[in-house]
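As they're listed, the protein sequences go chains U and Y.
Take the position in the first sequence, starting the count at 1, then add 1; the result is the number in the numbering used here.
Take the position in the second sequence, starting the count at 1, then add 1; the result is the number in the numbering used here.
These aren't lab readings, by the way, just hints derived from the structure by calculation.
Just to be clear, a hint being listed does not mean it is correct.
Said to hold, decoys possible - Listed next, with one range per pair, are the computed distances between beta-carbon atoms:
#1 U/159 <-> Y/32: 39 to 45 Å
#2 U/123 <-> Y/128: 40 to 46 Å
#3 Y/155 <-> U/160: 52 to 58 Å
#4 Y/37 <-> U/183: 33 to 39 Å
#5 Y/275 <-> U/159: 53 to 59 Å
Said to hold, decoys possible - Some chain U residues near chain Y, calculated using beta-carbon distances under 8 Å:
#6 122
#7 125
#8 129
#9 279
#10 282
Everything numeric in this text was worked out from a predicted model, so none of it was measured.
Glycine residues also receive a C-beta, built at the ideal position from the N, C-alpha and C atoms.
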Amino acid sequence: MIDMGMEQPETDKTETVNANDTASPLLHESELHSRKERILEVHSLSKMFGGVTALDDITFSVEKGIICGLIGPNGAGKTTLFNMITGIYAPDSGYILFKGKSIRKIPVHALVKAGIARTFQHVELFGSMTLLENVLVGMHVRTRSGFWGAVTRLPWVLREERKARERAEELINFTGLSDYTHRSAGDLPIGRQKMAEIARALASEPSLLLLDEPAAGLNAVETEALGLLIEKVKKKGITMMLVEHDMSLAMGISDKVIVLDRGRKLAEGTPREIQNNQDVMDAYLGEA
Amino acid sequence: MKDTENVTGYSGNIVIISNRRDIAANAIFVTAVLMCGIAVQNTYYLQIMTFIGINTLLALGLNMLMGYAGQVSLGHAAFYGIGAYTTAVLSGTFGVSPWAALVCAVAGAVLVAFVVGLPTLRLSGYYLGMGTLGFGMIVNIIFREWSSVTGGSSGFVGIPMLEAGSLSFMDGKNYFFLVWGVVFGAILLCRRILSSRMGRALRSIHDGEKASMAVGVNTHFLKLQIFMFSAALGAVAGFLYAHFVMFISPESFGFMVSVKMVTMVVIGGMASVWGALLGASLLTLLPEMLHGFAEYEMIVFGLILMLVMIFMPQGLTRGLLDIYGHWKKRP
C-alpha cells in the first residue's frame with residue numbers, strides 16, 4: 002500500500018507540468034468562441050490525497066443557466082470537486098475555467114467576488130449571529146466599507162449599510178425565511194438553516210452556485226420547498242451545480258447529471274439517460 | 002453546538018438593538034466615571050481606578066482579537082511595552098513632546114503588528130499562541146538587553162509628566178479623567194467597528210473561519226487588520242501607563258502581563274465590550290484586595306479564576322446575565 006502511494010504522486014507530478022504548460026493558455030483561447038455559453042469548464046482534473054486518488058481525470062462543462070446534478074456513491078469525490086471549483090484545493094493536474102478564465106491561484110474570497118458561491122454539506126452558518134447578519138456577511142464581496150468607514154461612519158457608509166440591509170431582507174423574503182430575520186442562525190430548525198445557507202450564498206450575487214447536499218436532513222415537505230426554491234433561483238438566471246443523494250430531487254430538477262464513482266466520471270447526460278445507464282446502475286446496485 | 006446555544010440568547014443585543022440600549026449603557030458609564038472622579042478624594046483609590054482604565058484599554062484591544070476574531074495572542078504585552086518605551090525614550094531622552102511621541106508609539110506598534118502578524122496570523126490555534134508567545138518574549142528581551150536606550154532591567158527613569166496647554170496631568174484626578182476619556186472613546190470605537198461590515202466579518206471568522214472564507218471574507222487580511230488595531234490600543238495603554246507611573250521596567254511588559262491580559266478577556270467574557278471592562282476591573286482589584294493573604298495571594302487568585310471558569314465558562318458578563326435571567330424566570 003505504502004509503496005503504491007509513493008509511486009503514484011511522482012508520475013502524477015510530471016503530468017501536472019505538461020498539462021499546465023501546454024494545454025491551458027493555448028487551448029482556451031481558441032475554445033472560447035465555440036464554448037461561449039459554458040460558464041464552467043473542468044479539464045482532466047486530478048487530485049490525490051496521500052496515496053488516495055480523490056479525482057481522476059475529470060472533464061466536463063456546465064452550460065450557463067442550467068442545473069447540473071452531481072451524483073455518486075459516498076467517497077466518489079463530489080465534495081472534493083466542489084472544493085476545487087471554489088478554490089479551496091488546488092488541482093494536481095488539469096485546470097478549471099470559470100467564464101473562460103483559469104481559476105488557478107485565485108484565492109477563495111476572490112472567486113466569490115468573481116461569482117462562485119456555495120453552500121455546505123453540513124450547515125456552516127454563523128451560529129451566534131442573526132439570520133440577517135449572516136446574509137449581510139454573505140454580501141461582503143458586494144459592499145466595500147472597511148475599518149475607516151466603520152470608524153468615521155461617513156454618509157456613503159451609512160447609505161451602503163442601509164441598502165445592504167434592505168437587500169438582505171429581500172433575500173430573506175425570497176427564501177421564505179422572513180419570520181426568522183432577527184433570530185440567531187443557530188436557533189433555526191435544520192430545514193431552515195439549509196435555506197438560510199442558500200440565502201447567504203445568494204447574497205454574494207453569484208453567477209454559479211454550488212449546493213452541497215442541500216436536502217440532507219430535510220423531511221419530505223422541506224425537500225419539496227427546497228426544490229421550489231432552487232427552481233426560483235434558476236429563473237433568476239443563476240447556474241447551479243448540485244450534489245445530492247435524494248435521487249428524486251436530483252433527477253427532478255437537474256437539466257444534466259454527472260455521475261462520479263471512486264474519483265472517475267462514470268457518465269454524463271440528461272436525467273433520463275442516466276437512469277437508463279448500465280454503468281451507473283452497476284455502481285449503485287451491483288458492486289456496492 | 003453547546004456553545005452556540007448558550008450564546009444565542011444574547012447575541013442579537015450586541016448589534017441589532019444598538020441605539021437605545023447603547024445610549025443608555027453609555028450614559029450609565031459616563032455618569033459612573035464622573036461620579037467616581039468627583040466623589041473619590043483618596044489618591045490611592047484614584048490610582049487604582051486609573052490602572053483599571055489602562056487595563057480596560059488593553060483588554061478591549063485583545064478582546065477584539067480574541068473574542069471577536071477568535072485569535073489568541075499570548076504576546077500582547079509587547080505592544081503595551083512598545084507604546085510605553087517609545088514614548089519614554091522619545092520624550093524622556095530626546096525631549097520630544099509626549100503627544101508627538103504618542104503618534105510615534107501607535108504608528109510603531111501598528112507597524113510591528115503588521116510585520117509580525119503577516120506570517121503568524123497564518124497559523125491557527127495553539128500554533129498562533131506559540132508564535133505570539135515567542136514574539137512577546139523577544140520584545141521583552143530587547144527591553145531588557147538594549148540598556149543604552151531602554152535602561153535595561155533596572156528600568157527607565159525620567160519620563161515627563163503630561164501637559165496640555167495650561168492643564169497639567171500631574172494631578173491624579175486629571176489623569177483619571179484623561180484615561181477614562183480615552184477608554185470611553187475606545188469603547189465607542191470598538192462598538193462602531195463591531196456593528197459595521199467589518200465587525201460582522203470578524204464575528205463570522207469566530208463562528209467558522211472556513212465558512213467565512215467561503216462567503217468571500219478575506220480572513221487573513223481581516224485578522225491582520227484587527228491585530229494591528231489591538232496593537233494600537235495596547236500602545237495607547239502603554240503610553241498612558243508610562244506617563245502615569247513615570248518609571249517603567251521590562252517586568253511590566255513580560256509574559257505574565259500577556260497572560261494577565263488574556264485572563265481579563267476570558268474572565269470578563271469574550272466577545273463583549275463591557276466584559277473587557279469587568280475583567281480588567283476584577284484583575285486589577287483582586288491583587289489589591291488579596292494583599293491581606295500575603296504569600297497565599299497567588300493561590301486565592303488562581304482559585305477564583307478556576308471557580309469562574311468552572312461555573313461561568315462564558316465569562317462573568319454572560320454568567321451574571323444568565324443568573325439574572327434565571328432569577329427573573331422564577332415566580
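Checked hints:
no., hint, result
1, U/159 <-> Y/32: 39 to 45 Å, "violated, 28 Å"
2, U/123 <-> Y/128: 40 to 46 Å, "violated, 25 Å"
3, Y/155 <-> U/160: 52 to 58 Å, "holds, 56 Å"
4, Y/37 <-> U/183: 33 to 39 Å, "holds, 36 Å"
5, Y/275 <-> U/159: 53 to 59 Å, "violated, 25 Å"
6, 122, "violated, 12 Å"
7, 125, "holds, 4 Å"
8, 129, "holds, 5 Å"
9, 279, "violated, 37 Å"
10, 282, "violated, 34 Å"
Of the numbered hints stated above, those contradicted by the structure are hints 1, 2, 5, 6, 9, 10, listed in ascending order.
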